[in-house]
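**Q** In order, the protein sequences belong to chains A and B. In terms of the working numbering, the first sequence is residues 5 to 340. In terms of the working numbering, the second sequence is residues 39 to 321.
None of these hints come from the bench; they were simulated from the model. Warning: the hint list may mix true and false statements.
To be verified - Lysine-lysine pairs mimicking BS3-like chemistry, simulated, CA-CA at most 25 Å apart: (1) B:LYS141 to A:LYS45; (2) B:LYS93 to A:LYS173; (3) B:LYS93 to A:LYS52; (4) B:LYS93 to A:LYS51.
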Amino acid sequence: MGQDPSLQYYIHMILQGTVLTVPLKGGGEMEADRGRGKIQKLWAETKKNGFLVWTLLPGFLYITAFFVIIAFFLLKLSLTEYRGGMVENSATIANYLKLVQSEEFRSAFLRTFIFVLFVTPLQLLTGLLAAILINRTFIGRGIVRGIFLLPLAIPTVVTTAVLLLMFSKGGHMTSLLMGEYNWFPGIVDYEIAFLSKEPLALGLSMLGKVWRDTPISMLILLAGLQSINNDQYEAARTMGSSSIQNFFFITLPLLIPAISSVLVLRSIEAWKEFIFPYILAPSYPVLGVLIEKYYVQLFDPGTAAAIGIMLIVVIMLGTVSLNWLLKKMQSFLVKV
Amino acid sequence: MSRKWNLEKMIWLLLIIVSLIAAILPIYIMFKYSVSDRSSWITGGKYPVPWWPFKPTFDMYRYYLSDTRFWSSGILSLNIALLTVAISMVVGAPAAYSLARYKFNGKAVLLFLILSVRLFPDISSVIPVATVFNMDFLYNLPLTLKVALAHSLLGLPYVIFIAQGVFETIPVDLEEQARIMGASRLYAFTRIILPVALPGLAAGAIYVFLLSWNEFVFSYFITATSSVNVLPLPVYLKSLLGSFSPNPVTIATLSLLVSMPVIAFTLFIQKYMIAGTTAGAVK
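Chain A on its own, in the form it takes in the complex (with noise of 0.2 Å):
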């Protein structure tokens, strides 16, 4: 609003009829000594922005309790050792020390970490598809667009109870494969049992992250796409250019920002992952499923919270060190 703050509030005053109270509480002000000037000043800023602040302040509120619930008894619980349940002892980093030097935890790491490799740059690709496959005007865009972004409305556990149901033995995709559906070649002679190898579970885990997320990318990818200037298509195209060159030479380059912030997205998503591999690798651990495992069926707190807190600090560097080499590519790719 292009108003005065103040002139409103005067304006407001006389409205309400209260202008009096004003030059009385400012000539109290010019007696009072300096601290207590600007804690009234600081009143008097509240009071005059009060619409702004009031709306803020309960959003701000909530969101800022939350956080200092969160930080304080995550910090706390990693710091205390719990044994069957009960608190062995406090102020103390043994759950870090034995984190480190566990088996298990190395390997949920390595886990997490070949989860995050192949699920981002192939949600990368799914999504570009996706986008370039709608960015264009059809009849029935729009229910085709609906149906693409299906995926993300569907509770994540329908999702993983309906790749159970088709990759389980005695399912479709076993007997599939198997060749015992007349239209396709049988690839194996045996039943493949995908729920109980690691890479086949971890993968199907990585298959439902990669469909379930899929429209994100493909909704960001194609804000990306429509806000590319026909221009440089046209200009292009006049001077012979091909499709392929088209997208190369012009959308790719283009789509950078929109593409780093979907791989930068979609990487902390894959860090922090929980529900595929819980539901469909539940023998093979990421560190989402670790958490959830000691919480829920061990009792122990204080190691959840540690490996919490290990799972914040490796998203940072994942996170930073992604954005460093996203920086590194765009300046090797595009010179100006």
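For chain A, the structure is supplied; the task is to place chain B on it using the hints.
**A** Just chain B now, with coordinates in the frame of chain A:
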């Protein structure tokens, strides 16, 4: 020239069809299993599971719709989602209005704080939240409220981003004229802006409703660590998956019943879902 264009169009059409199948197949499988008769899923290894049941039946739907456990879980989920919508709208919509209309010190910090909720790993933040909710002085808080408070934290960023977008589309002139005529900011906001913004805000509310309806991590951790009989629907579904030999028809039917409201709503609020998912990512 036109031949080449045709080839390109053919490839495009093929890819669209493949993508559509990839998006729909799991939903189709879910539906197929939910109407399967016994011989369509217990095959004894003699024949593969058919792609369409031999004798489609809606028995499992009939069973669930008369099952009190399903209904109490459903009502719990519904209550949690409605409470989440109420909390996050009441807290979030005014904040979104001020963020859309005013420039002030610390706005960037505030936006960063809101965005960081979405980037913070929920699997880490759920530990302290579940622990605090299980402390003695909070233990007797109703489950609905506990879960809804946690879901509101997740929903707030979406409400704020979606509502901010909605308020930005409303011309400032509208409330300036009201204020010239002597309305207070509060009056202008509640009586003039809110009614105009209502359709957009409703979409935001639906988005948060779906978020809460689908949410698993917080619901699961909070219910798993306290003794409760009735579970929210996603957690109830998960408890079936964990059983020794899950019956595919049961799972598929429950899955479809849980997803039904979601699928219906999604097609309605497409446009705003897009705003919610891309906010903060492209700006």
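**Q** Each of the hints needs a verdict: does it hold here or not?
**A** Cross-check of the supplied hints:
1. B:LYS141 to A:LYS45: 20 Å, holds
2. B:LYS93 to A:LYS173: 22 Å, holds
3. B:LYS93 to A:LYS52: With Cα atoms ~72 Å apart, LYS93 (chain B) and LYS52 (chain A) exceed 25 Å; violated.
4. B:LYS93 to A:LYS51: Outside the cut-off at roughly 71 Å; violated.
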